[in-house]
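J.: Each chain, letter by letter, is given below.
2 protein chains.
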Amino acid sequence: MKAEIITIGDELLIGQVVDTNSAWMGQQLNLAGIEVKQITSISDKSADIIAALDGAVKRADIILITGGLGPTKDDLTKQTLCTYFNTQLVFNEEVYKDVEALFKSHGKEVTPINRKQAEVPANCKPIRNKNGTAPGMCFDVNGKLFFSMPGVPYEMKAMMEQDVLPMIKQRFKLPVIFHKTILTQGIGESFLSEIISEWEDGLAWQNMKLAYLPSPGKVRLRITAFGMDRSELIKKVEKQIDLVKPLINDYIYGYENFGEYQPGIEEIVGEMLRKKKATLATAESCTGGYISHLITNVPGSSDYYVGSVISYSNDVKVQELSVDPAVIEQNGVVSREVVEQMAVGARKKLKVDYAIAASGIAGPTGGTNEKPVGTVWIAVATPQLVTAQKFLFGNNRKRNIQKTADAALNMLRKLME
Amino acid sequence: MKAEIITIGDELLIGQVVDTNSAWMGQQLNLAGIEVKQITSISDKSADIIAALDGAVKRADIILITGGLGPTKDDLTKQTLCTYFNTQLVFNEEVYKDVEALFKSHGKEVTPINRKQAEVPANCKPIRNKNGTAPGMCFDVNGKLFFSMPGVPYEMKAMMEQDVLPMIKQRFKLPVIFHKTILTQGIGESFLSEIISEWEDGLAWQNMKLAYLPSPGKVRLRITAFGMDRSELIKKVEKQIDLVKPLINDYIYGYENFGEYQPGIEEIVGEMLRKKKATLATAESCTGGYISHLITNVPGSSDYYVGSVISYSNDVKVQELSVDPAVIEQNGVVSREVVEQMAVGARKKLKVDYAIAASGIAGPTGGTNEKPVGTVWIAVATPQLVTAQKFLFGNNRKRNIQKTADAALNMLRKLME
Numbered sequence: 010m011k012a013e014i015i016t017i018g019d020e021l022l023i024g025q026v027v028d029t030n031s032a033w034m035g036q037q038l039n040l041a042g043i044e045v046k047q048i049t050s051i052s053d054k055s056a057d058i059i060a061a062l063d064g065a066v067k068r069a070d071i072i073l074i075t076g077g078l079g080p081t082k083d084d085l086t087k088q089t090l091c092t093y094f095n096t097q098l099v100f101n102e103e104v105y106k107d108v109e110a111l112f113k114s115h116g117k118e119v120t121p122i123n124r125k126q127a128e129v130p131a132n133c134k135p136i137r138n139k140n141g142t143a144p145g146m147c148f149d150v151n152g153k154l155f156f157s158m159p160g161v162p163y164e165m166k167a168m169m170e171q172d173v174l175p176m177i178k179q180r181f182k183l184p185v186i187f188h189k190t191i192l193t194q195g196i197g198e199s200f201l202s203e204i205i206s207e208w209e210d211g212l213a214w215q216n217m218k219l220a221y222l223p224s225p226g227k228v229r230l231r232i233t234a235f236g237m238d239r240s241e242l243i244k245k246v247e248k249q250i251d252l253v254k255p256l257i258n259d260y261i262y263g264y265e266n267f268g269e270y271q272p273g274i275e276e277i278v279g280e281m282l283r284k285k286k287a288t289l290a291t292a293e294s295c296t297g298g299y300i301s302h303l304i305t306n307v308p309g310s311s312d313y314y315v316g317s318v319i320s321y322s323n324d325v326k327v328q329e330l331s332v333d334p335a336v337i338e339q340n341g342v343v344s345r346e347v348v349e350q351m352a353v354g355a356r357k358k359l360k361v362d363y364a365i366a367a368s369g370i371a372g373p374t375g376g377t378n379e380k381p382v383g384t385v386w387i388a389v390a391t392p393q394l395v396t397a398q399k400f401l402f403g404n405n406r407k408r409n410i411q412k413t414a415d416a417a418l419n420m421l422r423k424l425m426e
Numbered sequence: 010m011k012a013e014i015i016t017i018g019d020e021l022l023i024g025q026v027v028d029t030n031s032a033w034m035g036q037q038l039n040l041a042g043i044e045v046k047q048i049t050s051i052s053d054k055s056a057d058i059i060a061a062l063d064g065a066v067k068r069a070d071i072i073l074i075t076g077g078l079g080p081t082k083d084d085l086t087k088q089t090l091c092t093y094f095n096t097q098l099v100f101n102e103e104v105y106k107d108v109e110a111l112f113k114s115h116g117k118e119v120t121p122i123n124r125k126q127a128e129v130p131a132n133c134k135p136i137r138n139k140n141g142t143a144p145g146m147c148f149d150v151n152g153k154l155f156f157s158m159p160g161v162p163y164e165m166k167a168m169m170e171q172d173v174l175p176m177i178k179q180r181f182k183l184p185v186i187f188h189k190t191i192l193t194q195g196i197g198e199s200f201l202s203e204i205i206s207e208w209e210d211g212l213a214w215q216n217m218k219l220a221y222l223p224s225p226g227k228v229r230l231r232i233t234a235f236g237m238d239r240s241e242l243i244k245k246v247e248k249q250i251d252l253v254k255p256l257i258n259d260y261i262y263g264y265e266n267f268g269e270y271q272p273g274i275e276e277i278v279g280e281m282l283r284k285k286k287a288t289l290a291t292a293e294s295c296t297g298g299y300i301s302h303l304i305t306n307v308p309g310s311s312d313y314y315v316g317s318v319i320s321y322s323n324d325v326k327v328q329e330l331s332v333d334p335a336v337i338e339q340n341g342v343v344s345r346e347v348v349e350q351m352a353v354g355a356r357k358k359l360k361v362d363y364a365i366a367a368s369g370i371a372g373p374t375g376g377t378n379e380k381p382v383g384t385v386w387i388a389v390a391t392p393q394l395v396t397a398q399k400f401l402f403g404n405n406r407k408r409n410i411q412k413t414a415d416a417a418l419n420m421l422r423k424l425m426e
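Chains as they are written, first to last, in our numbering: chain A, 10 to 426; chain B, 10 to 426.
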């Protein structure tokens with residue numbers, strides 16, 4: 010079963026927006042056993058949309074379209090689909106009720122322009138949109154399925170999960186595609202390929218495919234197998250991994266099962282705190298609230314997280330976290346002594362079991378020879394102890410903030426284990 | 010002048026990698042006055058590459074291809090280009106010297122598989138790659154330019170800047186495309202479009218194009234003009250902006266010149282504070298540190314930002330921000346009274362000129378009939394006053410947090426103006 014994705018919008022072609030929808034849809038389709046043949050991005054022009062549809066329908070059985078469904082004049086997908094399928098727009102009462110409900114939930118009345126959102130091509134089955142005014146549409150024509158969805162990522166994703174994928178699975182008998190990726194580090198693509206050349210040729214005999222995905226310092230090796238029985242495919246792939254492992258064992262640092270949900274460190278830590286019935290607070294300097302933000306992104310985090318003192322200035326460190334000004338004077342604000350006092354101060358002040366503290370030089374300025382940009386001290390205070398560790402990250406401010414937060418949460422995880 | 014982009018690699022189709030190359034290339038081409046007609050992503054299969062080239066050459070004068078140039082067996086672009094142009098690979102001494110130099114700089118000898126990187130189609134002009142072993146290639150055939158570049162982003166970008174764009178500009182006389190984007194906040198796409206409907210119709214008469222780019226809480230309005238004289242186009246667009254400004258002035262928070270750096274609301278607010286020599290603090294409940302994170306993402310924010318009290322629990326609100334427990338009891342924690350006390354408390358406690366406070370129900374649980382998920386109160390305290398506003402966002406936790414932060418920074422911006 011083959012699919013194609015068509016994303017519509019001038020913003021994609023002029024590079025004002027990166028098309029992240031296609032990758033997400035590609036992954037979902039692939040996990041469902043559907044091969045994506047082509048992804049095409051085109052402008053909001055009727056002729057271009059029709060040409061793209063004409064091309065896609067020759068190659069694929071399922072065509073997914075996103076974008077161009079807004080209520081404004083620059084959006085033309087719905088009218089173009091009418092032309093393509095030789096039909097016209099009709100007002101749909103059910104869709105209108107959804108639009109009305111959405112407006113009501115925001116305390117507003119439906120405007121005439123939004124009333125038009127309830128008009129859909131006569132030959133489509135509308136797909137409800139719980140997150141926006143533009144309905145999705147499904148067309149079942151000449152044995153092929155066409156879906157049109159909004160380009161707003163969270164609207165499209167909800168529709169894919171709740172309606173589009175179930176509709177595809179019901180309509181077609183799908184095979185299984187299984188990927189497993191070997192993560193290697195410390196060897197270049199070409200050297201790797203010479204070592205595993207014979208094994209790679211053997212893969213092809215087994216109807217499996219290998220891809221090299223190089224990135225700075227790392228090469229990911231993706232093995233792909235096709236079939237009808239998932240557990241058999243997994244066995245086949247694992248057998249091949251057992252064969253290649255002895256050849257490159259020194260370079261392997263992990264594996265990735267494509268498409269499996271991987272919980273973030275903030276979720277792992279949250280779950281540990283919940284089980285321990287323990288509470289957490291943070292005291293942040295260079296991360297400026299980012300650790301707290303990660304923690305509170307997790308629904309239900311108020312069960313274990315009480316809050317934070319973001320002490321961006323030294324005054325706040327002294328007044329709110331009881332850091333000794335003499336200790337700052339003596340060791341500098343980026344030091345073991347200061348982060349340890351911050352962590353202990355936050356733990357006492359906010360009355361929690363665990364506290365994380367971070368102080369560092371995020372950059373781009375503020376570095377010295379002794380403490381260059383990227384120098385970060387992180388401390389964790391527990392009911393039993395306080396411990397601190399020094400890190401040296403890079404010279405990119407945003408990445409330094411992210412790396413500090415990851416390292417801090419990871420320190421807490423290790424201490425709680 | 011029209012261009013098309015073809016990106017090659019199974020990893021793009023299965024969604025293991027997001028295609029960021031296309032957006033970057035699209036932006037560069039657009040800034041050079043070249044219209045990108047289509048972006049096509051296809052698999053590493055010869056037949057698919059040839060079909061994509063056949064399609065692109067019918068629509069465009071310039072065709073840019075990335076990917077499939079690695080030394081490993083899964084990469085087929087070079088051989089396929091030979092088939093397409095009916096030629097064969099020849100060993101290129103100049104390219105080999107580059108490959109050799111790159112290996113030497115890593116203290117390694119060229120392996121046989123990397124020697125093959127120096128073979129290029131006989132009819133191409135090779136493009137040097139200073140960052141990797143795969144050369145780029147330029148083909149000038151039947152009045153059209155074809156470029157093949159590696160898929161590794163930094164290798165491609167260096168080639169585009171140093172060779173590909175200069176070669177295109179030398180070969181073709183290019184027009185000018187000018188975009189300017191109006192950044193609006195606090196009004197939905199459909200309401201906006203009704204207000205500016207007449208103005209929008211006038212734009213079309215002036216041969217300009219308008220696009221709506223909605224994202225949570227914001228709508229960007231992009232005006233595009235085409236011509237031969239850049240300064241004339243800028244004048245034309247600025248005149249239209251002067252016309253629309255009085256209609257939507259309350260919602261405009263900035264402008265973006267496409268291709269130029271675009272400041273976020275946190276940078277705009279930061280610049281205002283710096284000019285006023287004023288200081289800022291935040292008191293955050295539902296946003297959990299996200300407002301603080303946005304503010305401190307800006308280099309140099311320590312000049313005006315002192316810190317925050319993240320009061321996720323009520324205890325912290327009472328103890329650290331001096332919120333009256335009786336006021337919480339009476340009005341609930343998501344109320345005008347509580348956020349106003351939070352803002353005033355933070356302003357006093359952290360000794361700043363301005364303080365922002367937010368309290369709301371981010372979701373997914375915690376809503377009631379009276380205060381559903383998405384209900385947020387935001388307050389700003391200034392040296393003169395404290396003011397609060399109620400918002401009703403949606404039911405997505407992460408988006409509610411983002412929308413609250415944007416709305417809070419925007420409230421501060423308006424009050425400072």
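It is possible that some hints are incorrect.
To be verified - Here are the simulated DSS-like cross-link-like pairs (lysine-lysine), alpha carbons at most 30 angstroms apart as the crow flies: (1) A:134 with A:82; (2) B:46 with A:67; (3) B:178 with B:244; (4) B:125 with A:227; (5) A:46 with B:67; (6) B:380 with A:286; (7) A:254 with B:117; (8) B:254 with B:285; (9) B:407 with A:360.
As the list claims (entries may be wrong) - The following label-pair restraints were derived from C-beta to C-beta distances: (10) A:419 with B:374: 27 to 33 angstroms; (11) A:96 with B:339: 56 to 62 angstroms; (12) B:134 with A:426: 55 to 61 angstroms; (13) B:271 with A:120: 25 to 31 angstroms; (14) B:203 with A:163: 49 to 55 angstroms; (15) B:424 with A:239: 56 to 62 angstroms; (16) B:280 with A:116: 32 to 38 angstroms; (17) B:280 with A:99: 37 to 43 angstroms.
No lab work stands behind these hints: they were computed from the structure.
Backbone N, C-alpha and C fix where the C-beta goes; we use that ideal spot for every residue, glycine too.
J.: Next, verify each hint and record whether it holds.
T.: Each hint, compared with the structure:
1. A:134 with A:82: holds, 24 angstroms
2. B:46 with A:67: holds, 20 angstroms
3. B:178 with B:244: holds, 25 angstroms
4. B:125 with A:227: holds, 22 angstroms
5. A:46 with B:67: Holds, at roughly 20 angstroms.
6. B:380 with A:286: holds, 29 angstroms
7. A:254 with B:117: holds, 25 angstroms
8. B:254 with B:285: With a Cα-Cα distance of about 26 angstroms, the restraint between residue 254 (chain B) and residue 285 (chain B) holds, given a limit of 30 angstroms.
9. B:407 with A:360: Satisfied, since the Cα-Cα distance of roughly 27 angstroms is no more than 30 angstroms.
10. A:419 with B:374: 27 to 33 angstroms: For residue 374 (chain B) against residue 419 (chain A), whose Cβ atoms are near 28 angstroms apart, the range 27 to 33 angstroms holds.
11. A:96 with B:339: 56 to 62 angstroms: holds, 58 angstroms
12. B:134 with A:426: 55 to 61 angstroms: holds, 58 angstroms
13. B:271 with A:120: 25 to 31 angstroms: holds, 30 angstroms
14. B:203 with A:163: 49 to 55 angstroms: violated, 25 angstroms
15. B:424 with A:239: 56 to 62 angstroms: Holds: the Cβ-Cβ distance is about 58 angstroms, inside 56 to 62 angstroms.
16. B:280 with A:116: 32 to 38 angstroms: Because 34 angstroms falls inside the window, the suggested range holds.
17. B:280 with A:99: 37 to 43 angstroms: Roughly 51 angstroms apart at Cβ, these two residues miss the hinted range, so it is violated.
Consistency note: the structure conflicts with the earlier hints numbered 14 and 17.
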